[in-house]
Each structure stands twice: as structure tokens, then as C-alpha cells.
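> Below are the chains, spelled out letter by letter.
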Amino acid sequence: MNEAKPTDAIATIDIDATLRLEDLVDREALVELCDSFFTLFGIPVRVLSKDGTLLADATREQEVCGYINTFASGRAACGATVGAVKIKDPDEEGTLIHPCFSGLQYRIVAIDYEARRIGRFILGPYLPAEVSDVPSSLLDIDEAVDREKAKSLLFKVPRAKPETVQRVARHLKAALDLILFSGHKTLLTSQMHLVSVRESFRELTERQNRLQEAYDRLRELDRLKSNFLATVSHELRTPLTSIIGYGEMLAEGIAGPLNDEQKEFVGTIREKGEQLLQLIQSLLDMSKLESGTMSVRKEKIRLEDVLSEVVKTLTPNARKKGVVLRLECDASLPGLRADPERLRQVFINLGDNAIKFTPSGGTVTYRATPLEQGRVGRESDFGFALLAPSRSQLEVRVIDTGIGIPLAEREKVFDPFYQVDSSSTREYGGTGLGLSIVKRLVEAHDGTIHVEEGSPRGAVFVVTLPVAGSAEAG
Amino acid sequence: MQLNFAGREITIKLVYYGPALSGKTTNLRALHELTADDSHGRLMTLETRDDRTLFFDMLPLLFRAGDAPRKPGDRSYTPVDPTMGMSLRIKVFTVPGQVLHGATRRLVLQGADGVAFIADSQLTETENNAASFLDLRSNLKELNVSVKEMPIVIQFNKRDLPNIRTDEEIKKLAQQGREPVFRASALTGEGVIESFFGLLNLTWSKLEAEHQLSRIIGIEPQEFVPVAARKMGIKREVSVMLQSCLGGNLQYKPVEKA
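Which chain is which? The protein sequence lines are A and B, in order. Residue numbering for the first sequence follows the working numbering, beginning at 1 and increasing consecutively. Residue numbering for the second sequence follows the working numbering, beginning at 1 and increasing consecutively.
Bound conformation, chain A alone (with noise of 0.2 angstroms):
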């Protein structure tokens, strides 16, 4: 797994950066206003940044500068206007007039936001209305100047009074007043969605590395606990062994003969020692699945042996109890891949239970079946169509005919110490870890366990196990 950098530093946002005109228009469009300015009025717009860059231009070359323009010196004189407007920045004021030889003008406006100059237009060349005839200083540019003709050209420019450019200009303003205010809000909103999502991870970084530590530090605290459980359970033993070897030599008469109240009291000696020794074993066994270091050695097995064993060493047990003990195992079941003396394990634990819960004349039954394939898991399981026909897997019924199980509890009973009647004189007795050795078991050979209700009562325990050759048989 990749671990994600931690990033130590708080994410920084600069609310109030200066802002640039390039940054909040999209140019194209830009054109395209200033060209629907350029439709409605007749009046050339130009638009430039701070530095200077032209931006947008909607304009055509008048007829009246084509014509200076084929004069040298109006060649030049017309170029430095142009240049003079380009650069010309207005003061505080925000607008300016620049005039130019031919008595057309030029209208310089400043593009302000939040109080900062951040561009310009300029509107022009338009012909003031007030002018009525060709100025002297267009006539002065060249001797050989058509004055006519100056004047028929230079009366096609656009006239404008000077309300009427001061008003488009104002319209111009407020419009890209409006594009700026919403490009800069769109501009803010994706700077702070980014920052916030960098906080946010920065914030969820930290917090996750505190839950590891603590993660970590818990696990250190379980290894040492079940540490500790498996070297008290062996250290318990050992004596334990030495108690029940020397009970079963005085039994046995080797240190003399007894009276049968001695041999009895000896045996209820043994006895005990066994039930504290299973309770030890339980203990360890508890120890070693949590600690992971049960080893399961799966070979392949049938699985009718297994349970006809099981049987067999339970029957003693059922008949001091009258309880019947019936096994039935489905003639075509499949082989397993498991650990013989596990599944011994499991399944003793199961039926020594439901003999445990089953009143005398009652039955326990283990009943083996394969499971058809494709109906294994749930159709809402995810890859169902997929997994379901690679999955073959036999189920393991310990039906018991005793008190059953409340729906409340199915859960809990394989809690390790749980006891569905926990109080001090309940009637069964046991350690209450059976079962959750028996689950654990039974998950390490990618196996389920679950409880149902028997029919007309008592309890159901379901294991199944996957076959040998399936794709969850490990």
C-alpha cells in the first residue's frame, strides 16, 4: 500500500493576491464583446492589460487613415498617435482624451477593480461631433493632400458626441465590471475548493496518523497479552501434568492399595485435573489463533472420517447422557483440503455442546451434505455471476434437539467467555471458549459458521467449508 506523504505545513491561500486582467477574462470571449460594442456604436474598442498587451480588438481601418497612411509623413505622424494612445495610461481620474492630427480622438478609460488599475480600453477613432471641417493639421501632413477627398473620407468615420462615447464607455465598464467581479469569484471559489480539499487531507493526514499510533500500540499491548496467556497456560501445565500423573499412579495402586473412598476421592481428583487441563488447552489454543501462530496443516481428507471418528468418541458421552447420536453423510460428498485433528476439534466441541443442551431422550445429529454449486453466497454478493459457479463448498449441520438458542444471542455465542446464562448458578457449565475456538478454527480454513433454529427446537450450528480445488480453498 502506498502511504500517502503526510504534509506537514498548513495549506495558504492569498485571499487578496493581485489580480490580473488576463487571469479573469477569457480572451475569446473578450472579443466577442468588444466586437458587439464595435457593431452597436461604430466605435473601434481596444483592450489592454496593465503592461500593455492588447488583449481584444474590434476595428477596421478607416478609409480616411488609408489614405494618410499613403503619405510618408502621415505614415509616421499616424503611427506615433497610435503609439502615444497604446501607452497612455489615464490618471486618477480613470479617463482620457488623446486627440489625433486628423481630428478624429481617441477615448483612454482605466479598468479599475476593488481600487486597483488592472487594464485600460480605448474607444477610437471616432470623429467628434463638434468638428466641421478638415483641420489644418491633417492638410499640413503633405502638400499634395486632397482636401475633398480628406473630407469625404475623414466624414465617413463614425461622429459621436462626447455624452454619447462618455455613455458607451460607461456601458463597456459596467460590463466588463461584471465579467471581472464574476470571473474573480469563480476564480476564488476553485482556489479555495483546492486549498480546502489540501487542509482537509493535511487534517485527515494527522488524525490518521494518531489513530495508527494508537492502532499500533494496541496491537503491541494484544501480542503482549496473548504472550503472557500462552506462557501461564504452559507454565499451568506442567504442574497440572505432574498432579494428574501422580493421581492416575495412587489410582493404580502402584504406592500401596486404597480403600475404594480413597479411589474415589482419587478419581474426582483426576477428573477435575482433566477439566482444568481442557481449560488450559482451550486457554493456549485461544492464545496461539489470536497470536496467529496455530498452525493448520491442511492435506486432503474425507470428511465422513473425520465425522465418524467424532462420533465414536462421543458416543460414550451420549449414552451416559441418553441422548442418541446419528450421522448422515450424503453418499457423493467431495473431498476437503483441512487439518484432520482441527476439524476433530471443531466438531467435537460442537456435538460435546449439543449433548451438553440436549435433555435425555433427545437426538444429535450431524448431517453432511454438498452444496449445489452457484447457490453458494448471496445474489447480492459482489462478482456473483462470476464467483458463484468457481465456488464448491459442503455444508455440516450439528442439529440438537435441546434448548435452543435465542435469536438475541446467535451472535454472541462465539464471543470468547461469552455465556448465553452467565449467572453464577447456571445449570451448564463450561468456559466459554469453546465456541470461539471453534469459529476462529473454522475461519482458518476459509469455512463460516453461523446458528439457526432447529425444527421443532433446538439449535442448529452450520459449518461449511470450502472443497478442495474451489477458488476460496486455500
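Hints were generated in silico from the structure; no laboratory data involved.
Simulated coverage check for chain A against chain B, where a stretch passes if three residues somewhere in it have a Cβ under 8 angstroms from a Cβ of chain B: (1) 114–128; (2) 182–189.
Only pairs whose alpha carbons sit at most 27 angstroms apart, straight line, appear in this in silico DSS-like list of lysine-lysine: (3) A/K225 to A/K288; (4) B/K231 to A/K173; (5) A/K88 to A/K50; (6) B/K171 to B/K253; (7) A/K173 to A/K50; (8) A/K185 to B/K231.
To give a feel for the contact side, a few chain A residues facing chain B, derived at Cβ under 7 angstroms: (9) I13; (10) M192; (11) S196; (12) E199; (13) S200.
Glycine included, C-beta positions come from ideal geometry on N, C-alpha and C.
With chain A's structure known, arrange chain B on it following the hints.
Leaving out everything else, chain B in the frame of chain A:
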């Protein structure tokens, strides 16, 4: 605070903080409404569809300062260029109040010069007010700013609602506390200007103490806030407005560092 000598501008950042739905955005709307049009830009709100602030609201207040009349021969301060003055930008932000926007709150709070804490006067909101203030404190701490060093004014908003903390109670609390306390009904605009100038006064006194801003701007120290008020089109005298403060200290006092 950002000082740009070349651009001749000073930018001060004020942040309106507080629990969800306490009226931060409403304060900004009222401020926008009640100040002269040529002294502010558009109110920018970045909100979700249900009218809750998503990232922040921002109101830029923009005017020139430093062209205040001076007595001839007055040498008590040396402006950089007495003829020009500086352009002053006060950017007022709100944070999103909802708990889940913690990261955004911290981002908006970055570089704040002063904070107006907008509390909800309703008794049921007492816990939310306190939680939001603790959130402010921890966010400031993450930004390496001590809450003691941050100019903060408290506004008890929604005075027009029933079931609110009474004036007497607030007054009593205000007089024991450090932060100046104002009352407001932002929806009607009442108390909004007073709270704002309370914050500007406190923030200015800190900036002045730390950077001698008045020299840079070219203005008498005590003239700054009244000039700002005039530029913003506020007719009332600042000193009169500040009298509505219920307690706390309107002048910044540097914290003694141990």
C-alpha cells in the same frame, strides 16, 4: 496586514467568526448597505444552494486615507509623501459557521488582523457560541497566533428575538471580560456599524502600536478611525458610536510575554 509601498496601499483583513447561523453574512450585508457606495466594492458571497456560506463572504472597503488636513508646521509625524496619501483596503471576511468546514475557517482566518465574533443571543445557543469560540482559539493556535494577541470584539446578535440573554446579563459579562462587547440586530442593521468600528478601532490601535502605521499613511494616529468613518459615509461621530460598547477594552494592550 499587507503593506505595499510601490502600490501605495495598505490592506487590513478583518474576519467575522462565530457559530452557524449567528448572522455573520447578515452583518456583512448590512455593512454593505449602510456604507457609501463609493467606499466599497461588491459583496462577494460564496454560498451553497441553501444560503449557507460555503467558503466565505467578502466585502472590500476601499478608500484613500492620509489626505486629512494638517496644521501648518506640524512635525509630529512624517508621512512618506504627504501629497499622495495611501489607498486603504479593508477586506472583511466571514467564515462558514458549520462545524464541518473547519479547514476552510482556518484558511480564511490566516493573516487576519482582527476578529469580530458574532454570537447568537438566544439562550439555546449558549453552548454553540462557546464551542465556536474554542474553535476560533484552536484554529488561531494552529496558525501560531495566540488568542491574546488577536484583536477580538464580541457582538451579541439577534437582539430582536425572544428568549435571549438580557442586556443586564451581557453588560455584567462584558465588564468582567477583556473583549469589547456590542449588541446588534444585523437583520435591521442595528449595531452593525458600531461593532465594525469597535473592531477597526481595536485593530488599528494594535497595528499602530506595532507598525506606526499613521506615519506611513500620513495621518494623526487618533484621526484614522474617524477619517475611515467619514470616507465610508458614516454621519455619526465614532466616539459616540463606541459608547455603545458594553465593556472590555477598545484599545489594544500588548500582552506581557513571560
